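A.B. asks: For this one, chain A is given, so just place chains F, D and G on it according to the hints.
4 protein chains.
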Amino acid sequence: MDEKLSFGSDYTKGAHPQILQRMVQTNMMDTPGYGLDEISGSARRRIREACACERATVEFLVGGTQTNAVMIDALLQSYQGVIAAMTGHISVHEAGAIEAGGHKVLVLPHQCGKLSADDVKKYLEDYHNDANHEHMVMPGMIYLSQPTEYGTLYTKKELQAFRKICDAYGLSLYVDGARLAYALACPENDVMLPDLAGLCDAFYIGGTKCGALFGEAVVLPDPGRIPGFFTIIKQHGALLAKGRLLGIQFDELFRDGLYMRIGRSAIEGAEAIRKALSEKGYRQCFGSPTNQIFCIMEKDALKALEEKVEYSFWEKYDDAHTVIRLATDWGTTEEEIKALTDIL
Amino acid sequence: MDEKLSFGSDYTKGAHPQILQRMVQTNMMDTPGYGLDEISGSARRRIREACACERATVEFLVGGTQTNAVMIDALLQSYQGVIAAMTGHISVHEAGAIEAGGHKVLVLPHQCGKLSADDVKKYLEDYHNDANHEHMVMPGMIYLSQPTEYGTLYTKKELQAFRKICDAYGLSLYVDGARLAYALACPENDVMLPDLAGLCDAFYIGGTKCGALFGEAVVLPDPGRIPGFFTIIKQHGALLAKGRLLGIQFDELFRDGLYMRIGRSAIEGAEAIRKALSEKGYRQCFGSPTNQIFCIMEKDALKALEEKVEYSFWEKYDDAHTVIRLATDWGTTEEEIKALTDIL
Amino acid sequence: MDEKLSFGSDYTKGAHPQILQRMVQTNMMDTPGYGLDEISGSARRRIREACACERATVEFLVGGTQTNAVMIDALLQSYQGVIAAMTGHISVHEAGAIEAGGHKVLVLPHQCGKLSADDVKKYLEDYHNDANHEHMVMPGMIYLSQPTEYGTLYTKKELQAFRKICDAYGLSLYVDGARLAYALACPENDVMLPDLAGLCDAFYIGGTKCGALFGEAVVLPDPGRIPGFFTIIKQHGALLAKGRLLGIQFDELFRDGLYMRIGRSAIEGAEAIRKALSEKGYRQCFGSPTNQIFCIMEKDALKALEEKVEYSFWEKYDDAHTVIRLATDWGTTEEEIKALTDIL
Amino acid sequence: MDEKLSFGSDYTKGAHPQILQRMVQTNMMDTPGYGLDEISGSARRRIREACACERATVEFLVGGTQTNAVMIDALLQSYQGVIAAMTGHISVHEAGAIEAGGHKVLVLPHQCGKLSADDVKKYLEDYHNDANHEHMVMPGMIYLSQPTEYGTLYTKKELQAFRKICDAYGLSLYVDGARLAYALACPENDVMLPDLAGLCDAFYIGGTKCGALFGEAVVLPDPGRIPGFFTIIKQHGALLAKGRLLGIQFDELFRDGLYMRIGRSAIEGAEAIRKALSEKGYRQCFGSPTNQIFCIMEKDALKALEEKVEYSFWEKYDDAHTVIRLATDWGTTEEEIKALTDIL
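Chains as they are written, first to last, in our numbering: chain A, 20 to 363; chain F, 20 to 363; chain D, 20 to 363; chain G, 20 to 363.
Put simply, identical chains are the same to the list, so a pair is met inside one copy or across any two.
Only pairs whose alpha carbons sit at most 30 Å apart, straight line, appear in this in silico DSS-like list of lysine-lysine: (1) 141 <-> 322; (2) 335 <-> 322; (3) 141 <-> 175; (4) 318 <-> 357; (5) 318 <-> 23; (6) 294 <-> 176; (7) 140 <-> 318; (8) 140 <-> 175; (9) 322 <-> 357; (10) 318 <-> 141; (11) 294 <-> 322; (12) 335 <-> 183; (13) 299 <-> 335; (14) 294 <-> 318.
Calculated from the structure, these hints are not laboratory results. Because the structure is a prediction, the values reported are computed rather than measured.
Isolated chain A, as found in the complex (with noise of 0.2 Å):
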């Protein structure tokens, strides 16, 4: 074998077949575009019904920066900023897009990738106590991503804690689920579908790294809760043209529980290494449970590893040591895994 075992991240591939095959079978059908389409129209239905919330707007976006610098932007004021942990997708690798939309990224500590709903509302009092809070950026927004980019989830408890939080002061919650198939699938999850629309005031459910070969899918439980939406996202360059596009990505991925199947399968693969891992004497961190494993690597086994095997540098652990993320996704097989397995 020429090639290295990919385990570097979980957007190397294509996507799952069943969505190729539905783009081949309806490639020159004339449809509308912009997402009036009837897939897409079809896609809505089917994640309307797996959150259980038949009211909800659900509009098909190209991918998580992009989705999260229009969602921002939408449930903003513009004198607001969004609380988000130092480690959020948002406040760390999207090239300042959400202060290039004018809004200031309000950060926190974080426990392995997680906000404490603790430490927002400390922030919330002592905004609120500051004499001078009016010459500061108003907290609007709380951002968190389920499972966070450290691989950890949020309890169901911890969300209503955040909602509670919400509610008292007037802010908006949002969940970035660019991996949510991965939290989904997770035995130790107990936040499902209709628990974020229950909870949110917005959330998005990922499919470029979960299956699709692009798209989030924003699921909007109060469908009035963004007035101007359409608008909104054409003005931020992020309406597709072809939007069917994403309608067969979101439309495959909700038929027959395809989303939780990619999720499980990942999640299986992640385990197996997990206990590999263990096994062997590595050490694990930040305990995530879902699709990405945090390991401390000694110097040599590194570069062992680093001929067959593509990771992602995570962070520098020690002048010995290097944390590195492996990552599985809809598409691991149990080859891959077990060539993982053989070389650790």
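C.D. replies: Just chains F, D and G now, with coordinates in the frame of chain A:
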């Protein structure tokens, strides 16, 4: 036949089958994200070759409004505006995406969708002669569409005149080629890709309306023209994670002249329709020689037509007449053309 | 006399002496910053009384462009634009300040600087009838200047027509009163401060051009109209640390009718000039009844004039003639008027 | 005495009497607007001379937040951010003005309000070493306050270290001198105006808190550093119509060393207070040598104090103690100092 003939727009179908086929073939490949893969590399090489511009930077974005917003932001200083025809896509149909980036669109009158170099020159002279010009938006670039929103074409001589003005006044020249295939393939056209590369600071080769699923290829003939370009794209939420998908679109479109063939077939179809319209006594307008046909229809004739044909409403002509647009594209078949001309 | 007569603009002098005197008297007082002081409080009360609007929120900003940028940002949603006359200050002479805030200025033709309610209504109807209107900038407010940049006035009936349109289409009505003193004091005017308070969502009472050193007083008849208003002002860098200075300007301007007296004296001066111009056979234009006088001057006459008088170039009339503007203000003396009419 | 002693801030009074006097003297002069008058010209000359930098561009803005927003926008490219201490004014107390301009504030830890050059260097190295740095905000400038928000000072050596880093990494160096008079006059200070002119890309000399009614003088040692600067100022709503008012502030402040005298008297007052606090056993903190005094007060002592003295709450120290700030300024009298030290 229970479906209407589709002449409403040039983005109603999927993609040229050759593109889909390549997507199926490469679906399970593992490649790096964000356009750093080898397929995107190959597509870049093909485009550089087609433009006879080896040094060019080529980047792939997803859609037209997005591309315009990114490029205008990238080419302008914060205090500059972009000159465009009143009918330019950025002036009318981008929901304020340019202004959302902080830039004013400085509109000038049009002739069948075209800006006149003389008008632009006069505008620049007036600006510089105005004692208060420092209180006004400084014009920083010229936006042209080729073909225009009215299907018309700039000649090489006209583009040279714009280039000369840009050099004299320190402006950038940018061409929106959303439908460029239909310009390049038009018998009347004398502006080829190497001409655009020789005359523009930046232009884009449209994929979405010219046979791709989606995608626009930005060409910067001078590779150092826009420092930080990658980050600018990311900041606008315009960086596709699975960038190779865009690479595939353009690697196929620019393999063995497919892009030109696509253009030619649409132009031939449009010519046939124009001929039929002429023979049957319909008045056409704007003199478009490309894939868009503009026709003045009398009320009853239009009523009859719309039972069988999808078209676009363009504008009211007078109380008894309407201007409609018919569009052909890469997928329009001879059968469809024949069916339409039979109906007319 | 070795200095030219000053009719170039209405902001060439300092402030009405009464204002300076108050500044000297209060100079060593210690007061809280940011407009929370008692002098600002008193000024607010006087303005509310003059507007017969006890509930109004009144805030003081420093300059006109700043005030327009703040107010338009505060009144619009992120995806909305502001309707203005082509000749509106925000359309032409604010260096793109409105677009820098992310909003498009939607320009309509003017009649002597005035928007027509019929034109606006037609624009809004067309917008809503356009099948693609969700791809366009949603009009969110109407911007009017009273008096206009051409010195003309809206009647109460005209403002009522705009109000009706705003109510019908869900827009805000905003009036830029940079030169409001010269409207209020004009015999032809029938729109007084209580009318503005009754008809507008927001307007501002100009200080800079009407006797103050600087300062514009924003009036929001409905105090809850703009949540977060203080923070919005700060965010725009428009919050003056020593806010009492602005309070002083308006506490004096609205003490014992000074603002009206200032306006009246400038109007009387302008009337005298207009009469003299008429008698001497000069053609005037735009029909301005306020403190700006527009006159068509033949080349040689202009050359003679400019040796002795400061005026503003307005626009070229034809090859032999120029339109110039003469402006009176609070400080223009009878001697200056006499000297000017003697020269004419 | 029925009024409290005023040590709450350094912008509670009007202006140094010499400035007011000049305003009264020049009030009826007619001058061109927007800073093109001869008084502003004279003020520019005096500042260039004080900075020993004949070529410098000097422009006058109204307030500090406004100046920071304008300058950061002017010095950064659209995709760049500004490095600042967590406690920097732009990080905390400008209501998101920097983000409203599209730029991220990249915060680093502080030591008594100061950034460390080593921290900044490490940040820049990490940024450039990060494989994903093109997905992150590119640092484009460093923001320092002299004195800092905690009253502390950068040494010349420290500024030289920042300059070196800026040169190595292509960043701009910008110093916010809102309270610069109190740095320049401090015995511990070794950074004079010519040093700032030699080390910075831009800095501003604060007027508002240093004896002026309002106004900040921006100095660009390299006059070509910011093309379009006038228009940028206008675009931000920061161009004062009667610009000569700003000219007057600085023409007086820089006549015969007034700016230094103002600073010195405030520093001497602060020294006297610090000495008294020390002698009476109060703990001070942050080690500020400038016009701000930070003192840890026990609850009961504070209660007694606040009946007679205006101060600023700074932060909670522990359950029994509070950090307060006392500020002297150009107008603080010996009597006030004595009254305060008697109370302590």
